[in-house]
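**Student:** Those protein sequence lines, which keep their order, are chains A and B. First residue of the first sequence? That's 252 in the working numbering, and the numbers climb one at a time after it. First residue of the second sequence? That's 252 in the working numbering, and the numbers climb one at a time after it.
Any given hint could be a false lead.
Since the list gives no way to pick out one identical chain from another, each pair is judged satisfied if it fits inside one copy or across any two copies.
With a Cα cut of at most 20 Å, we get these calculated SDA-like pairs of lysine to any residue [as the list claims (entries may be wrong)]:
1) 284 x 264
2) 284 x 323
3) 284 x 346
4) 302 x 345
5) 284 x 327
6) 376 x 273
7) 302 x 320
8) 284 x 397
9) 302 x 271
10) 302 x 314
11) 284 x 324
12) 268 x 291
13) 259 x 312
14) 302 x 283
Note that these hints are calculated values from the structure, not bench results.
Residues per chain are reported as follows:
There are 2 protein chains.
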Amino acid sequence: MAVEIERKFLVTGDAWKSGTPTRLSQGYLASSKDSTVRIRLAGDLAWLTIKGPTVGISRAEFEYEIPATDAQQMLDMCEGAIIEKTRWQVSYENLIWEVDEFFGENGGLVVAEIELRSEDQTFAKPDWVGEEVTDDPRYANSNLSVKPFTRWNSS
Amino acid sequence: MAVEIERKFLVTGDAWKSGTPTRLSQGYLASSKDSTVRIRLAGDLAWLTIKGPTVGISRAEFEYEIPATDAQQMLDMCEGAIIEKTRWQVSYENLIWEVDEFFGENGGLVVAEIELRSEDQTFAKPDWVGEEVTDDPRYANSNLSVKPFTRWNSS
């Protein structure tokens, strides 16, 4: 088991775009209050990831590489929409930001995440990093698959 | 992906007991109408298994071996009760019956399953094989974790 400690921010502008992004498709097989089960496909690589409940900004995470053909079939079994995004790895002052640019039903949303070694680790914020949304559950990818960004304004 | 084609029967008596059973603990991380996510631990071996919706008596199944320490931690994240059972492999006329003897909250329940190559495959039934319960969803292990056998008579 790994423990994932992560903070999440909205992104402004596109000054962060550099390098080649990875295209990701991901879906959620099932979610309970205590866990989410994610299928992620990136070209011919795929992973099955189980995450535990969020405690503060930390979360238990179990990740297993699986055959891409399995992932493709399990994406068809997922609840909610499949999330389509490109992920950019952006280096800034010795840390890597993962910037996710969403498409489809989540089009218009761009989010940056930074993984930390401890909950109180300090870090430098690039100019294009905006409002922090770590604690806003709407931005969890498992929730974006159920209520996508383009439908937030509808009741 | 494998396709699991299985028939399930109640078991009478104990003439089937021979050999050494395997002790299994299993739980369900989350279930939706389209999938179940099972953690199974057998001593120092463990598996993560995703099953799709049942169509007739067939079901898509994806199974991955995982570290037993991961399984132990994920069992704590499961919904419902952990299922405790011993599994006996019983050979009868060239087919292997898996006989599950349940304990704890499912104590008193003994079920035999046979895996088939096709839905219409015929097979010989040992004397100790009783009523067929393939189509009774109460006997699905994922349901036994939510409503265990010893509580069926309560409303």
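**Student:** Hint by hint, where does the structure go against what was stated? Just the numbers, ascending.
**Tutor:** 1, 3, 4, 6, 9 and 12
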